[in-house]
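Just need the whole structure built from these sequences, with the hints factored in.
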Amino acid sequence: MTRPTYFHPVAHLVRKEFLQVFRDPALLRMVLLLPVVQLFVFGYAANTDLKNVRLSVLDESRSRESRRLVEAFYQSGVFIPGPAPSRPDDIERLLTEGKAEIGIRIPAGYARDLAEGKQAIVGVLVDGVNSSSAGRAQGYAEQILLREAVRGSAGPVEGRARIEGETRFYYNPELRSRHYMVPGIVVLIITIISSMLTGAAVVRERETGTLEQLLVSPLSPAQLIAGKTIPFAILAFADLAFATTIAVLWFRIPLEGSVLLLAFVALLFLLVTLGGGLLASTVSATQQQAMFTLWFFLVFGILLSGFFYPIENMPRAIRYLTYVNPLRYMMSMVRGIFLRGAALPDVWPDLWKLSLIGIAMFSLAVFRFRKRVR
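Each residue of the sequence shown is one higher than the last, beginning at 1219 in this note's numbering.
Careful, some of the hints might be misleading.
[Claimed, not checked] Below, in silico cross-link-like pairs of lysine-lysine (PhoX-like), each with a Cα-Cα straight-line distance of 20 Å or less: (1) Lys1269 with Lys1317; (2) Lys1589 with Lys1446; (3) Lys1317 with Lys1589.
[To be verified] Okay, the calculated beta carbon distance ranges per label pair: (4) Pro1301 with Arg1241: 52 to 60 Å; (5) Gly1353 with Ser1476: 41 to 49 Å; (6) Gly1353 with Pro1472: 34 to 42 Å; (7) Ile1452 with Ala1326: 23 to 31 Å; (8) Val1517 with Arg1470: 28 to 36 Å; (9) Lys1571 with Arg1330: 26 to 34 Å; (10) Gln1361 with Ile1448: 49 to 57 Å; (11) Arg1396 with Arg1241: 32 to 40 Å; (12) Leu1478 with Leu1574: 38 to 46 Å; (13) Leu1364 with Thr1463: 16 to 24 Å.
Calculated directly from the structure, the hints in this document are not laboratory data. Note that CB positions come from ideal geometry on N, CA and C, so glycine has one too.
Printed below as a string of structure tokens:
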């Protein structure tokens, strides 16, 4: 009879752990199914190609030459038509509202300057919030202008191109990447803190057996939910204040908009994060399951929010998924408040969508929690 080796107990322990995993349907789905879903979604969403850049054109020339220049932009495969401005001030408004990433202003004397062999100046106005995309979009625009300058009647005169772009970057004129990333990190901080703390707190009560004591106490389910969410809402606001202070004073990120509007937007966003944490606690038996569930959806939310990759670069099917992603709207509003000085009318299109998602998620979480504790 052979003596058991040193590794025999380890082998039995490994076998036991595998059996526990395969006997837990929820954990098994997380291990086998979720990575496959993530791979397919992120394989399409994580796209750094520049495309679907919304271009708004103010054609004051209204000539054959100006129409040919506009067509050159749209035929490049990079730019798509954005809202049409009717006057120069409209271009800046469209950039501020996030309805266009780049604006082109073709002056009234464009065709005449070309016919007379003069330098035709075309205004290129770029939203510089996303420094990487802005720089590349401006580069594509300059290439198109240069290509049109050497074509046909727009050929060079005396060795000099007759079309020149006059570029102006808005909101981030130095194209510093931290101006784009730091406001997004502020959003991630309050998201992770509020959702994960809420999810862990309720499950921890269940694991330690104190949840049953709370249920037999005079507290109503509504009071219990308030007592479990209000502390983490306060902590999330404290983190928001601290992160915003660091962003402004240390990283020198301009806070052009209203602090009160930023706080109001964060308050509505907490309906999503606190509701998400509460909802995860109702479908999880352990803190580990709650953290796993929350992190899975957080990874989806972050990568489909425009934090790393522009949403416009994603395939159409993936872009549809972002419409139900609350992080998409929060990222857009916080960056707009920080860098563009966005006011309530500017963020309203994102704000009402975030509000609907937040109310729906928190209501569902409360319904499931009340049903669970009965």
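Status of each hint after checking the structure:
Between Lys1269 and Lys1317 the CA atoms are separated by roughly 15 Å; this keeps the pair inside 20 Å, and the hint holds. In summary, the hint linking Lys1589 to Lys1446 is supported, as the alpha carbons are separated by about 16 Å, within the 20 Å threshold. Distance hint between Lys1317 and Lys1589 is unfulfilled; the C-alpha atoms sit about 43 Å from each other, more than 20 Å. Between Pro1301 and Arg1241 the beta carbons are some 56 Å apart, a value that agrees with the proposed interval 52 to 60 Å.
Taking 41 to 49 Å as the suggested C-beta distance range, the pair Gly1353 and Ser1476 does not conform, at roughly 29 Å. For the hinted restraint 34 to 42 Å between Gly1353 and Pro1472, the CB-CB distance of approximately 19 Å leaves it violated. Separated by about 57 Å at the C-beta atoms, Ile1452 and Ala1326 break the suggested range of 23 to 31 Å. Taken as a hint, the range 28 to 36 Å holds for the pair Val1517 and Arg1470, whose Cβ atoms sit roughly 30 Å apart.
Our hint of 26 to 34 Å for Lys1571 and Arg1330 is violated, since their Cβ atoms are close to 46 Å apart. Range check, Gln1361 to Ile1448: about 55 Å between beta-carbon atoms, so the 49 to 57 Å window is met. Restraint check, Arg1396 to Arg1241: a C-beta distance of roughly 48 Å breaks the suggested window 32 to 40 Å. Against the hinted window of 38 to 46 Å, the Cβ-Cβ separation of Leu1478 and Leu1574 comes to about 22 Å, which falls outside the hint.
The supplied range of 16 to 24 Å is broken by Leu1364 and Thr1463, whose beta-carbon atoms lie about 45 Å from each other.
Violated hints, in rising order: 3, 5, 6, 7, 9, 11, 12 and 13; the structure is consistent with all others.
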